Amino acid sequence: MVWYERKLLAKMQVRVGPLYAGRFEGILQPIADFVKLLFKEIIVPRPADRFFFLLAPTFMMALSVSLLALIPLGPTYVIADSNVAILMIIALLSLSPLAIMIAAWASNNKYSLIGGLRALHQMTSYAIPLSLSTLGVVVLSGSFSLVSVVESQRNYWFILLQPLGAVVFFLAGLAELERVPFDVPEAETEVVMGWETEYSGINYGLIMTAAYIKFYALAVLFTVLFLGGWLGPEPVPPLAWTILKTLLVVTLMMIPRGAYPRLRIDQMLRFGWTWLLPLSLLNLVISLVEVPLLR
Amino acid sequence: MTLRYPESKLELPSGYRYPLAGYKGRHILDMQKCTGCSICELTCRNITGAIKMVPVEGLFLRNKKLIFPQIDYGFCVFCGFCVDACVFCALTMSSQYELSTYDKRLLIYEPRLLTSTAPSGSARFVVTKGRAYHRETLGTHARSRKTE
Amino acid sequence: MSELTLSVGPQHPGSGHFRLIICVDGDTITKATPDPGYVHRGIEKQAEYREYLHSIPLLERPVISDSNGSVYAYVLAVERLAGLKAPERAQYIRVLMAELNRIMSHLYWLAIYGIFLGHSTMFMWPFGDREVVIDLAQRVMGARLTYSFFVPGGVRNDLPHGFKDEALRATEFLEKRLHEYDAIFFKNPIFVERTRGVGILRHDDAIRLGVVGPTLRGSGVNADARKDEAYDVYDTFKFDVPAFPDGDCYSRALVRLEEIKQSIRIVRQALESIPEGPFRIRHPSVLKPPQGSVYSRTEAARGAYAYFIRSEGGKTPYRLKISSPSFRNLLAFQFLMKGSHLADMPTIYWSLDYWPLEADR
Amino acid sequence: MYELSPVIEDEEIARRVAEQFPEIRIEISALNRINLEAPHYCLPQLAAYLRDIEGFDHVASVTGIDYPDRNLVKVTYHLGAYAKLTIRRLVLSVSVDLPRQDAMTPSLVSIWPSAEYHERETHEMVGVMFEGHPNSNLLLLPEDWIDLPPLRKDFKLRGR
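Residue numbers (this note's numbering), protein chains in the order written: chain A, 13 to 307; chain B, 1409 to 1556; chain C, 56 to 416; chain D, 2 to 161.
By construction, these hints were calculated from the structure, which means they are not laboratory data.
Wrong hints could be hidden among the right ones.
[Stated by the list, open to error] In silico negatives: residues of chain C with every beta carbon more than 12 Å from chain B:
hint, residue
1, 206
2, 215
3, 236
4, 373
[As the list claims (entries may be wrong)] With a straight-line cut-off of 20 Å between C-alpha atoms, the simulated SDA-like cross-links for lysine to any residue are:
hint, chain 1, residue 1, chain 2, residue 2
5, D, 154, C, 288
6, A, 122, A, 56
7, A, 23, C, 170
8, D, 154, C, 368
9, A, 122, A, 212
10, D, 85, C, 262
11, B, 1417, C, 200
12, C, 242, A, 267
13, C, 100, D, 149
14, B, 1417, C, 98
15, B, 1441, B, 1462
16, D, 85, C, 275
17, D, 154, C, 98
18, D, 154, C, 369
19, C, 100, D, 125
20, C, 393, D, 114
21, D, 154, C, 371
22, C, 282, D, 8
23, A, 23, C, 232
24, A, 23, C, 178
25, C, 343, C, 312
26, A, 122, C, 79
27, C, 370, B, 1462
28, D, 85, C, 260
29, C, 100, B, 1462
30, C, 100, D, 147
31, A, 122, C, 58
32, C, 343, B, 1493
Note that the structure is a prediction, hence the values are computed from the model and not measured.
Cβ atoms here follow ideal geometry from the backbone N, Cα and C, with glycine treated the same way.
In isolation and in its complexed conformation, chain A is listed as follows (with noise of 0.2 Å):
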């Protein structure tokens, strides 16, 4: 996926992209990085606390793999289906702001403390809109479980009854993330890398891999919430379905990275304030109106 991105990118921009790992164009590039970056020594700065500073790239690990756990890419490809998984993502979700928060406390450093201050801001202002717009699907659906929200999208997928709420979720999901246009937190010429500043080796990969597990994540997610999961015409296996509908929109959420530049951080916030948490009031709202008519 790192792969796809990055050549998706580079064909956006008129360059090659990654060319050499691998037979077929780089494919391997990814993982040639991932072991390069094992290979590398591991730097604690000494003024760093070095219990968190280490345990805060494995906590994020954990919570993102965890959110794996949760979501069923067909109706047996499912490793918990539990009752009240959308909360359980959302409890995750929210979690993740600590971890961050830990990272950039621990590395002492300027850098890593504005880096983190901004990250903390983004996820809490963002993370009451996410949760917000996945609870007019819930109210849909009536219930918690992911399972059961892709079955009551048998006649029609969400995106089409809550567009709104596919919005919201979208750009609240891409904050979320820390992906352009919301990469404040990491905003490379304003404070150098942000909270990950102080990560060197493997501890950066974990970092980076835990990213894009989430971003994985959070691209199925939309996927069951929305769009329908594995629903999807006869011959084409469930799985398959998953799978393209999430490369459609791990795509949607890739090509902001090449159009736009990064916003400021208060105007990140304002954007989450005064649209985002309002138009997912409005989705609920619309939701609840929905309910008694497709009774």
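Since the structure of chain A is provided, determine the placement of chains B, C and D on it from the hints.
Then chains B, C and D, alone, in the frame of chain A:
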């Protein structure tokens, strides 16, 4: 826009010689024309000091002192003022730009090496089936230096 | 939160060889102190030991992205000192090359501005298109960036065959691309949001601080040494000096975009009207100008580039002073940074097109 | 744009300055170039006059030249104008001769704020003290520079 460097290379115009436009790459010395007047050395002295006149054994009718320029590409900035200064058109420039080596001593080009128009530089790329690897060819470079 | 003191640079992705000591209170910068000098090479001192001609490769080193612009004033100064006059064709070639260099430098600026705003496509596109101009310049001057092409008494070599067609094709291509830039970058809502109203340098302040170049014209003062001095054949060309009154980062960006268009205009006119003739006059290989001093200024890509040369009649200048645009714009840092957001720091920094090597010399 | 022809206007300015400050030597060296040589005590008055009456509103560069054999340091201010359109083309230079030891001249930062960094640079490079300069720390040189000011003639580059 992007050139896949070792596989495809920039197409360059021919080298620079004084009144004609061209690429300012590695120098080429015509030992038959050079008279050992040292103007290139004098010119370069206040720019980078890359050129030094060194004695060469052999029979050169025009060069009674038997001294020829030797260029250290570790210093050269490829401004080409030595080419402008050369009254006898003995120094010209070629369009070679791949001069990198693994040893900075190899950046010093003796007069005889400067006469050759063949590509130089010891760091080489070997292209196999669309992929390129760089290979150290220090040995062959040194050998070619000895034979020439 | 109490005040934090941050050293932005010299090892910071958004600074270059330059340090900016800023105090931040929350997200607001309360004080910014520029600390240049990391790449000070004593060029003025070194030039005192070199003959006039041999200083040229040295003097274009400060600004390699605009190397013709930086030696242009020097060449004119030496010509005036030594009483040389370049033939007309040489003057046309110089203007042509200086304008190509200006386009190159502005495209470079635009690309890096993309990076500073976190827009990676904006970084790649102008860099790719700059290659077209570089190839053109390389055909004539034989190098990609450091040309050493202008010499007192003319230029080093004539234009190659077929240059005119190539140059016209390149300008057409660039013009097409500039339209795309306008649509994709300059009308991009987030780009506008990030730059408009940020780092406002009003008309009076710009004059008071003595800033130069696009920074000055972005504040509504349409001063341009090409018009004021009318050196070489600049007075024969029709071109406008763009000026935008707002004084924010957006208008500074627009000035540069407009300047590229005007440069293309000049290039076209020069290609049409270039006369035949010699391109360099003969002069003694070691120049020995008489005693005297001369101050010459030209408009380089970053603004008025001026040389003050004092000659005592020797082979080398007695004193050579470079007044570079970046050094003069340095004063605007303190002024613009104060009270702005930390996130606006890179936006303002690069909107001044500060080039540390040029300021330190 | 021009009310008078440039040459006449240059002479006009030169005449006005001469009337106001009889002790100043004036020379029109070339087109658009006026050179003034003033004693350092009348520099602030001259600067204020040039700014307020003639309209030279910024300093383009400050140069210090060291003459060891004549035992003096010459400081030259190059002035330009942005606001007044007719004299934009002009570069007016004001030179002051100072003794080599103990070179001291009043700072003009209060009159032209744009002179601040130029004066600082001249201070560290040529060793001229500017009286009343707000901040005369080293700007371009390293903080621990203890040698001679590098642009003095008795500072020799190594190997030259």
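Say whether it holds or is violated: residue 236 of chain C keeps its Cβ farther than 12 Å from all Cβ of chain B. Correct as stated: the minimum Cβ-Cβ distance to chain B is 15 Å, above 12 Å.
**Prompt:** Has the given pair, residue 154 of chain D with residue 369 of chain C, been kept, meaning a C-alpha gap of at most 20 Å?
**Reply:** Distance ~15 Å between residue 154 of chain D and residue 369 of chain C Cα, so the pair holds.
- Query: Does the alpha-carbon distance linking residue 370 of chain C and residue 1462 of chain B stay inside the 20 Å limit?
  - Reply: violated, 27 Å
Q) Taken at face value, is the distance from the CA of residue 114 of chain D to the CA of residue 393 of chain C at most 20 Å? A) Given pair residue 393 of chain C, residue 114 of chain D holds - Cα atoms ~17 Å apart, limit 20 Å.
Point to revise | Agreement of residue 1417 of chain B and residue 98 of chain C with the hint, judged by alpha carbon distance not exceeding 20 Å | key: violated, 35 Å
**Request:** Given the hint that residue 100 of chain C pairs with residue 1462 of chain B, test it: the Cα-Cα distance must not exceed 20 Å.
**Result:** Not OK: residue 100 of chain C and residue 1462 of chain B at ~31 Å, beyond 20 Å, violated.
Would you mind confirming whether the straight-line C-alpha gap from residue 100 of chain C to residue 147 of chain D stays at or under 20 Å?
Status holds; Cα separation ~18 Å.
- Message: Holds or violated: residue 23 of chain A and residue 178 of chain C, Cα atoms, limit 20 Å.
- Response: holds, 14 Å
- Can the restraint linking residue 1441 of chain B and residue 1462 of chain B be considered satisfied, given a maximum Cα separation of 20 Å? holds, 16 Å
Pair hint outcome, residue 100 of chain C versus residue 125 of chain D [Cα-Cα no greater than 20 Å]
holds, 13 Å
For residue 343 of chain C and residue 312 of chain C, compute the direct alpha-carbon distance and say whether it is at most 20 Å. violated, 42 Å
* To do: Would you check the hint for residue 23 of chain A and residue 170 of chain C, treating anything up to 20 Å between C-alpha atoms as holding?
  => holds, 18 Å
Checked against the numbered hints above, the structure violates hints 1, 2, 5, 14, 25, 27 and 29; every other hint is satisfied.
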